[in-house]
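Peer 1: For reference, the chains in residue letters:
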Amino acid sequence: MTTTYLVAIDGSEGSLRAANFATERAKASSAKLVLAYVIEWSPYSFNTPEENAERHQRREEEIERAQTTVLDPVSQTFRDKGVGVATEVRHGHAAETLVDLAKEHGAAQIFIGRKGESRMKTLLFGSVAGTLVQMSPIPVTVVP
Amino acid sequence: MKRILLAALMLSLMSASAHAAGFDETINTMTAPIAEWFGKVVFFKIPIGDAALPLVVLWLVVGAIFFTVYMGFINIRGFKHAIELVRGDYANPKDAGEVSHFQALATAVSGTVGIGNIGGVAVAVTVGGPGATFWLIMAGFLGMSTKFVECTLGVKYRNENPDGSVSGGPMYYLRKGFSERGMEGFGKFVGAFYAIGICLGALGIGNMFQSNQAFVQFVNVTGGTQESWFADKGWLFGIVMALVVASVIIGGIKSIARVTEKIVPFMAIFYCVFALIVIFMNYDAIPQAIANIFTGAMTGEGVVGGALGALIIGFQRAVFSNEAGIGSASIAHSAVRTNEPVTEGVVSLLEPFIDTIVICTITALVIGTAAVAEPGFALVGQQGIAMTSAAFAREISWFPIPLAFAAMMFAFSTMISWSYYGLKGWTYLFGESQTMDRIYKAIFCFFVALGCMVQLGPILDISDAFVFLICVPNILGLYFLAPIVKRETESYFARIKSGEIKKYKHT
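Chains R and X are the protein sequences, given in the same order.
To convert, take the position in the first sequence, counting from 1, and add 5; that gives the numbering used here.
At position 451 of the second sequence (counting the first as 1) the number is 431 in the numbering used here, and the numbers step up by one without a gap.
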């Protein structure tokens, strides 16, 4: 059975560094990659009726955008390097959804970049990598 | 285009207000007779003893009882499942990003939790005595079943537009449901009738009544009808309110709507918490207040028409507040993409519960305990929201101010929701086009302003009449389509039981 690595990706530089780092590891151990793009979304927000009616369209657009602008180009460059790559786009709480996806794909490890925010900012807005480290049942590699 | 419409709206209002002094009064004398006549037609009454039972109220009560029994007390047996659905236990993570059950519920609730919960209850208690509260709760309980049926149908028969958005609601299930049963012509007729009704009704219950009561409370906290500089400036308050509403629904300034939608749930909680505090500050009046509710319900002491009079008032105000039987929530719930229409019906059960059984009852107790502790407090000519405000002020003197703010927020969010309901009726009739959209929205804003210029009595008559008028075709359709809902419901719950429909979380 091939090993699977899950890579959290959002198009930022940090996430690309994480993806590159994961690719090196995957090549070395002939593992395959799952690139996961999580769109921050909560089922408990409050919407106007008009927003609800248009929600399905918006969702399709969001997924489409993540797929074509981030996942497709990135996964292509890794495929060219000879690594097996699958992609996932999902809505939800970033860290929670990454853990769910890792479980679904039976991933052995999660790779994630970090933004390197100041302590104040992290205190205010939290950090996906930090939360993920606390929640994940499998090893997490945080790539600076 | 937007600007032109906005400008036109402003101009017409400005020129009207230019006649200045006594303008509010002129509007009043103009509208009062129309309202009175319209109310008489819709509320055709059958005299029973001293009481007069409006046919339409009977129609709603019989419907609610029928659906409760026919659906096997779905309002009780579906309750736990409703909470599980809202909590997201059955939500497939692959569908994350679509409208969740919670969101559909929250949207529908912010449409129903409005001034009716604060001011409408006071009206019920003034006219129907404390006993009206009992019937209000009863109506809420039975209304849960009606809501279940209409919201299930709304999802089942909605239209999916080519662009991926959805339109649903009674006009769609009436048309499609009847034509499925071979009554195409009749289906088209009632569908259109409903659409017209919701267009007009939206201008009353979801609009003028809201802006009027928000204004009343505003005047109240700025010094009362005698002192406040705003007392005879209904047109000014109305124009401001209309402009804010216009900026959201016509101008597309989503941020205002978003802020409101976020504030309203907290306002509702804030309101309930303070109401409970006020009730408990009068703790020695609580047993008597509760006893009054029960004895009032049975004897109807001091109420025109006795117990029956109290019942009629209670039911009337309950429907006005939770909208069960009107079909409006069904429009909001149709936006949820689900393979199981029944799930939306089950979730919608919670709306009359939250709206009527929880919030209205709390308001009734605030007034009830105050009335026990100080019998004459409300006899100073206070009506509607002013009475509720007075009951709060007895214990917490500064509360009318946050109450005014809450009232404005409630009014505003209800108006936003109803502008959508009305618009859906309008587009059903005239097709989905931007120009048509804008025309309706402009009319809607005009009525927001108008609502602040007329007195409560005629407003209640008009809005009640419009709203109750559309209950007639809606409930008629529900009777016809109830067997379909029943079949779907049984199949759905059987699959839950057999484990075919599984929970994703909390297992």
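In case anyone wonders, no lab produced these hints; they're calculated from the structure.
Some clues are possibly wrong.
What the hints assert, rightly or not - Chain X residues, not near chain R, derived (Cβ > 10 Å throughout):
no.	residue
1	25
2	46
3	74
4	117
5	121
6	145
7	204
8	209
9	216
10	227
11	234
12	315
13	316
14	342
15	400
16	471
As the list claims (entries may be wrong) - Listed below are the simulated SDA-like cross-link pairs for lysine to any residue, each with C-alpha atoms no more than 20 Å apart in a straight line:
no.	chain 1	residue 1	chain 2	residue 2
17	X	242	R	101
18	X	483	R	96
19	X	74	R	96
20	X	74	R	65
21	X	483	R	30
22	X	483	R	101
23	X	242	R	49
24	R	86	R	30
25	R	108	X	484
26	X	234	R	59
27	X	74	R	44
28	X	242	R	108
29	R	32	R	65
30	X	74	R	32
None of the values given here were measured: they were computed from a predicted structure.
Beta carbons are placed, not taken as given, at the ideal position from N, Cα and C, and that holds for glycine.
Peer 1: If a hint holds in the structure, say so; if it does not, say that too.
Peer 2: Taking the hints in turn, this is what the structure says about them:
Its beta-carbon lying about 35 Å from the closest one in chain R, residue 25 of chain X satisfies the requirement of being farther than 10 Å from that chain. For residue 46 of chain X, the shortest C-beta to C-beta distance to chain R comes to about 29 Å, beyond the 10 Å cut-off, and the non-interface label holds. For residue 74 of chain X, the requirement that its beta carbon stay farther than 10 Å from each beta carbon of chain R is not met, with the minimum near 8 Å. Here residue 117 of chain X stays apart from chain R, with its beta-carbon at least about 27 Å from theirs, past the 10 Å limit.
Every CB of chain R lies more than 10 Å from the CB of residue 121 of chain X, the least distance being 26 Å, so the non-interface label holds. A cut-off of 10 Å between C-beta atoms contradicts the statement that residue 145 of chain X is not in contact with chain R; the least separation is 5 Å. Residue-level check passed: residue 204 of chain X sits 34 Å from the nearest beta carbon of chain R, beyond 10 Å. Listed as outside the interface, residue 209 of chain X is consistent with that label: its C-beta sits roughly 33 Å from the nearest C-beta of chain R, beyond the 10 Å cut-off.
The claim that residue 216 of chain X lies off the interface holds: its Cβ sits roughly 27 Å from the closest Cβ of chain R, which is beyond the 10 Å cut-off. At the 10 Å boundary, the C-beta of residue 227 of chain X stays outside the reach of chain R, the nearest C-beta of that chain being 14 Å off. For residue 234 of chain X, the non-interface assignment is contradicted: its Cβ lies about 8 Å from the closest Cβ of chain R, within the 10 Å cut-off. In this structure residue 315 of chain X is not separated from chain R by more than 10 Å, as the shortest Cβ-Cβ distance comes to only about 4 Å.
Its beta-carbon lying about 7 Å from the closest one in chain R, residue 316 of chain X breaks the requirement of being farther than 10 Å from that chain. The Cβ of residue 342 of chain X sits about 21 Å from the closest Cβ of chain R, beyond the 10 Å cut-off, so the non-interface label holds. Residue-level check failed: residue 400 of chain X sits 4 Å from the nearest beta carbon of chain R, not beyond 10 Å. For residue 471 of chain X, the non-interface assignment is confirmed: its Cβ lies about 25 Å from the closest Cβ of chain R, beyond the 10 Å cut-off.
With a C-alpha separation of about 24 Å, the suggested pairing of residue 242 of chain X with residue 101 of chain R is violated against the 20 Å cut-off. Simply put, residue 483 of chain X and residue 96 of chain R have alpha-carbon atoms about 19 Å apart, close enough for the 20 Å limit, and the pair holds. For the hint pairing residue 74 of chain X with residue 96 of chain R, the CA-to-CA distance comes to about 8 Å; that is within 20 Å, so the pair holds. Only pairs whose Cα atoms come within 20 Å are accepted, and residue 74 of chain X paired with residue 65 of chain R is accepted, the gap being roughly 13 Å.
Of the pairs offered as hints, the one joining residue 483 of chain X and residue 30 of chain R is violated, with about 37 Å between alpha carbons and a cut-off of 20 Å exceeded. For the given pair, residue 483 of chain X sits about 18 Å from residue 101 of chain R by alpha-carbon distance, which is consistent with the 20 Å threshold. Note on residue 242 of chain X and residue 49 of chain R: the hinted pairing holds, with a Cα-Cα distance of about 11 Å set against a maximum of 20 Å. In summary, the hint linking residue 86 of chain R to residue 30 of chain R is supported, as the alpha carbons are separated by about 13 Å, within the 20 Å threshold.
Pair hint residue 108 of chain R plus residue 484 of chain X holds up; C-alpha atoms about 14 Å apart against a cutoff of 20 Å. Proposed proximity of residue 234 of chain X and residue 59 of chain R is supported: the alpha carbons are some 13 Å apart, at most 20 Å. Distance hint between residue 74 of chain X and residue 44 of chain R is fulfilled; the C-alpha atoms sit about 13 Å from each other, no more than 20 Å. The suggested pairing of residue 242 of chain X with residue 108 of chain R is violated, with an alpha-carbon distance near 34 Å, which exceeds 20 Å.
Only pairs whose Cα atoms come within 20 Å are accepted, and residue 32 of chain R paired with residue 65 of chain R is rejected, the gap being roughly 33 Å. Among the hinted pairs, residue 74 of chain X with residue 32 of chain R is inconsistent with the structure: their alpha-carbon atoms are about 30 Å apart, more than 20 Å.
Checked against the numbered hints given earlier, the structure breaks hints 3, 6, 11, 12, 13, 15, 17, 21, 28, 29, 30 and satisfies all the rest.
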